[in-house]
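Q: Chains as they are written, first to last, in numbering that gives the first Met the number 0: chain H, 0 to 230; chain G, 0 to 230.
Source of the hints: derived by calculation from the structure; they are not laboratory data.
Treat the hints with care, since some could be wrong.
Just so you know, same-sequence chains aren't split out, so a pair can sit in one copy or run between any two.
In silico lysine-lysine, DSSO-like type, Cα no more than 27 Å apart, as pairs [claimed, not checked]: (1) Lys79 / Lys183; (2) Lys77 / Lys183; (3) Lys214 / Lys131.
Here is how the chains run, residue by residue.
2 protein chains.
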Amino acid sequence: MTETNIPIIENILSANDSLAVQTQSRFDQAGVFAINIMASPGAGKTSVILQTIQALSPQLRIGVVEGDTAPVTIDANKVKQAGVPVVQINTGGSCHLDASMLGQALSQLPLDRLDLVIVENVGNLVCPAAFKLGTHANVLVSSVPEGDDKPYKYPRIYRGIDVLILNKTDLLPYTEFNTDYFSKGVEILNPQVSILPVSCRTGDGLHLWLEWIVKRVQFQQSQLTTHGSNS
Amino acid sequence: MTETNIPIIENILSANDSLAVQTQSRFDQAGVFAINIMASPGAGKTSVILQTIQALSPQLRIGVVEGDTAPVTIDANKVKQAGVPVVQINTGGSCHLDASMLGQALSQLPLDRLDLVIVENVGNLVCPAAFKLGTHANVLVSSVPEGDDKPYKYPRIYRGIDVLILNKTDLLPYTEFNTDYFSKGVEILNPQVSILPVSCRTGDGLHLWLEWIVKRVQFQQSQLTTHGSNS
Numbered sequence: 000m001t002e003t004n005i006p007i008i009e010n011i012l013s014a015n016d017s018l019a020v021q022t023q024s025r026f027d028q029a030g031v032f033a034i035n036i037m038a039s040p041g042a043g044k045t046s047v048i049l050q051t052i053q054a055l056s057p058q059l060r061i062g063v064v065e066g067d068t069a070p071v072t073i074d075a076n077k078v079k080q081a082g083v084p085v086v087q088i089n090t091g092g093s094c095h096l097d098a099s100m101l102g103q104a105l106s107q108l109p110l111d112r113l114d115l116v117i118v119e120n121v122g123n124l125v126c127p128a129a130f131k132l133g134t135h136a137n138v139l140v141s142s143v144p145e146g147d148d149k150p151y152k153y154p155r156i157y158r159g160i161d162v163l164i165l166n167k168t169d170l171l172p173y174t175e176f177n178t179d180y181f182s183k184g185v186e187i188l189n190p191q192v193s194i195l196p197v198s199c200r201t202g203d204g205l206h207l208w209l210e211w212i213v214k215r216v217q218f219q220q221s222q223l224t225t226h227g228s229n230s
Numbered sequence: 000m001t002e003t004n005i006p007i008i009e010n011i012l013s014a015n016d017s018l019a020v021q022t023q024s025r026f027d028q029a030g031v032f033a034i035n036i037m038a039s040p041g042a043g044k045t046s047v048i049l050q051t052i053q054a055l056s057p058q059l060r061i062g063v064v065e066g067d068t069a070p071v072t073i074d075a076n077k078v079k080q081a082g083v084p085v086v087q088i089n090t091g092g093s094c095h096l097d098a099s100m101l102g103q104a105l106s107q108l109p110l111d112r113l114d115l116v117i118v119e120n121v122g123n124l125v126c127p128a129a130f131k132l133g134t135h136a137n138v139l140v141s142s143v144p145e146g147d148d149k150p151y152k153y154p155r156i157y158r159g160i161d162v163l164i165l166n167k168t169d170l171l172p173y174t175e176f177n178t179d180y181f182s183k184g185v186e187i188l189n190p191q192v193s194i195l196p197v198s199c200r201t202g203d204g205l206h207l208w209l210e211w212i213v214k215r216v217q218f219q220q221s222q223l224t225t226h227g228s229n230s
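So that you can see chain H by itself, here it is in the shape it has in the complex:
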């Protein structure tokens, strides 16, 4: 036993990262665009997914991976009823998905017949931020009733995201949510990120989110064509 055995955490993360690279390569080869949706419990991840399926399927062929800490199929059943293939990962109490879990789940999805894979992570603002999955984009769903101070309190997850959906804007009149304070907190941590205010309940603002998804799926497919014509 030498000193090189000591930094175990670093090794675990590296192992996860290298699995994530393999997973992204599987997505790329299949021409699939993949997103990792993270949020607090109850911010509206499943609602965003259901609205996305309703608006874009079957024009876009969508598959969903549901992460849950317990063997409950509430969200997975909703997605299945929406008519798209779904795989559930029960983390067995663990507080986040990792690349190994996602890699195994993907074997249950028909990747070659999909355009978009949506991964719903465990509801948690802390742990999921530390684990790459191999998806192309990280999406955070925040919600108005959670309060405008969340970027300041959970900075790590806001730093690592590509899109921020601010859900439940229909509750703005009934809360003290300060949009400027929230946006300023996000901007300090992540100046490039787009904030998309939406209400999954009323449908307000969802078109911006849907346009972003469609654009990214088209880009991913154009990469496959380019790669295909070069090879």
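Based on these hints, arrange chain G on the given structure of chain H.
A: Structure of chain G alone, referenced to chain H:
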């Protein structure tokens, strides 16, 4: 190195549990009643604490321990401004408090001059459920906009609690929250737990929570008196 070194997780938890027993003994010797408040981010832990201070201090001498994953003092400052001693624990990104962190923080509080210690855990429905702190009661703050399915999705944390505050009842008219479905989910997991519907925003229902706190503080102090007269 023998096989007995293998079950590391079990040993870590036992170490935490034995520290928790020591901490509870410190509380008991000082006649202090201590609670561990857990919740999703934004469910209203800090609001419950501020309402409790406003209603019960200085008749009850209250101290607060604030758990945060980042070195932000938003909540700690609010508590300090409310006029009671507060210690902040920055977990350095970790997703929960543990007995060691709390034990160290308590050295910064004047336990002998307090009646009630409120510990605000990290906002997270998964990880805090697994770590005893040495407090006398676990309190969960759920909130209406999080949705009525949370007991079904995060069963472990609902199993281990003594009181459940359902906050933000002022938002009931603007959501599809089904109180019966929520209560049924809680009852399956934890038939004994009291559900206290409150609105920290309007003050509705808070009297039940405050009565529970006062009763438990009085009981804890009566134990000290009994113990004192026997020794």
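Q: Compare the structure with each hint and give your call.
A: Hints, one by one, checked against the model:
With identical chains, the CA atoms of Lys79 and Lys183 are at most 27 Å apart between copies only, with a shortest distance of 25 Å across copies and 38 Å within one. In this homomeric assembly, Lys77 and Lys183 come within 27 Å of each other (Cα to Cα) only across copies, at 20 Å, whereas the closest approach inside a single copy is 35 Å. When the C-alpha separation of Lys214 and Lys131 is checked against a cutoff of 27 Å, the pair qualifies only within one copy, where the shortest distance is 23 Å, while the shortest distance between copies is 47 Å.
Hint compliance for this structure: every hint is met.
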